[in-house]
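Enquirer: Start from the sequences and build out the full structure, keeping to the hints where you can.
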Amino acid sequence: MSRVVLVTGGSRGIGLACARRFAALGDRVAVTYNSSPPPDGLFGVRCDVTDAAQVDAAFKEIEEKFGPVEILVSNAGITKDTLLLRMTEADFAAVVDANLTAAFRVVKRATQGMLRARKGRIILMSSVVGLLGSAGQANYAASKAGLVGFARSLARELGSRSITVNVVAPGPVETDMTAALGEDRLKELTSQVPLARMATADEIAGVVEFLAGPDAGYVTGAVIPVDGGLGMGH
Amino acid sequence: MSQELFDRFIKCAVDALKVEPDQLTREARFKEDLDSDSLDFVELMMAVEDEFGIDPIDEKELEGITTFGQAFDLIITKL
Ligand SMILES: NC(=O)c1ccc[n+]([C@@H]2O[C@H](COP(=O)([O-])OP(=O)(O)OC[C@H]3O[C@@H](n4cnc5c(N)ncnc54)[C@H](OP(=O)(O)O)[C@@H]3O)[C@@H](O)[C@H]2O)c1
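Going line by line, the protein sequences match chains A and B. In terms of our numbering, the first sequence opens at residue 1 and continues consecutively. In terms of our numbering, the second sequence opens at residue 1 and continues consecutively.
Any given hint might turn out to be false.
What the hints assert, rightly or not - Computed beta-carbon distance windows for the label pairs:
(1) B/Glu49 / A/Leu85: 43 to 51 angstroms
(2) B/Arg29 / A/Asp202: 48 to 56 angstroms
(3) B/Ser38 / A/Gly229: 40 to 48 angstroms
(4) A/Ala179 / B/Pro56: 39 to 47 angstroms
(5) B/Asp55 / A/Ser191: 51 to 59 angstroms
(6) B/Gln70 / A/Ser162: 23 to 31 angstroms
(7) B/Ile76 / A/Gly149: 51 to 59 angstroms
(8) B/Asp73 / A/Pro39: 54 to 62 angstroms
(9) B/Asp33 / A/Gly233: 47 to 55 angstroms
(10) B/Glu59 / A/Arg197: 46 to 54 angstroms
(11) B/Ser38 / A/Pro39: 29 to 37 angstroms
Treat the hints as calculated values from the structure; they're not laboratory data. Bear in mind the structure is a predicted one, so any value in this text is a computation, not a measurement. Just so it is clear, CB atoms sit at the ideal spot from N, CA and C, and this is done for glycine as well.
Expert: See the structure below:
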């Protein structure tokens, strides 16, 4: 059973780990990237998820090569951290556009094929920060919280067509995104995590693989924390 | 009513609503007779917009449409 999988932002970090897991299962995997192409062996499509025309073109390219997307992992995301008083409206809008509106763009396009097929799996990459909050990340947290309401609405809209929509909420993960934070900030972050360490990207990918797989057929509208216990209760 | 247009409309509906052509009479009610929900209806309208090359139909105009014939009459006004 080789499925058609699309992972946005699959050139690095969590997205790449997800793509590798699906590829290892024998799925036909496409990854989109913005500036850095994925390593060899993965079908990479350049696509800026903030541009609806590029999203549509990427889907066309994938459909021609593999057929309609059956599993969508909307994972591309950015941060522009700063305290509210220093945050410009442009900083806020850019993060919401790349993290939340982009999810709208790719999910909307993917459901065209899923509705026709009467099945599909949609997985949105949120963050523990979406429900916990984080000083200096008001834009990022707002975008990640927005994904929850978005996913749950779609779980209701699309459930009768056997399309599931779930959210994964990672805690701190060892990727370029966190490497940018610096040693001190990372120490402080992990000191708050009950498991007292960061996650590997592959640990997040494992949960994504589960949500896309046959054992998760009755899971929809869920927010799955993969955060070492950081967000407990949220 | 042009039979050719109606036939094209039927073709869209067979695809989008997963029904048999002989169920698609003018009197057929979407909900009761064709067992279609609001999402089916949206899918049908999108298929029709593509088939006939018409602009997306405003949701307001779709209010009150309950039968297959009524939907066809609305589409005709958009051509
Ligand atoms: N790392 C963490 O601690 C952590 C924690 C919780 C949630 N997350 C979330 O997990 C997701 C992946 O994070 P990561 O740590 O793996 O990030 P990353 O290493 O910074 O990778 C980000 C990925 O997103 C792509 N991307 C960014 N902007 C894009 C755009 N406009 N169009 C298309 N692709 C774009 C990048 O493509 P290019 O390589 O081409 O730039 C890259 O593939 C993000 O949504 C992030 O918010 C991360």
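Enquirer: So, for every hint listed, does it hold in this structure?
Expert: Tested hints:
A hinted range of 43 to 51 angstroms for the beta carbons of B/Glu49 and A/Leu85 is consistent with their spacing of about 47 angstroms. Our hint of 48 to 56 angstroms for B/Arg29 and A/Asp202 holds, since their Cβ atoms are close to 53 angstroms apart. Between B/Ser38 and A/Gly229 the beta carbons are some 41 angstroms apart, a value that agrees with the proposed interval 40 to 48 angstroms. Look at A/Ala179 against B/Pro56: about 45 angstroms separates their beta carbons, and that is inside 39 to 47 angstroms.
Under the hint 51 to 59 angstroms, the C-beta atoms of B/Asp55 and A/Ser191, about 57 angstroms apart, fit the expected range. The hinted range of 23 to 31 angstroms is satisfied by B/Gln70 and A/Ser162, whose Cβ atoms lie roughly 30 angstroms apart. In this structure the supplied range 51 to 59 angstroms is violated for B/Ile76 paired with A/Gly149, their Cβ-Cβ distance being about 39 angstroms. Separation of B/Asp73 from A/Pro39 is about 56 angstroms and conforms to the stated range, judged on CB atoms against 54 to 62 angstroms.
Between B/Asp33 and A/Gly233 the Cβ separation comes to about 50 angstroms, which falls inside the hinted range of 47 to 55 angstroms. At roughly 50 angstroms, the beta carbons of B/Glu59 and A/Arg197 sit within the given window of 46 to 54 angstroms. In this structure the hint that B/Ser38 and A/Pro39 lie 29 to 37 angstroms apart at CB is violated, the actual value being about 44 angstroms.
Taken one by one, the earlier hints fail for this structure at numbers 7 and 11, listed in ascending order.
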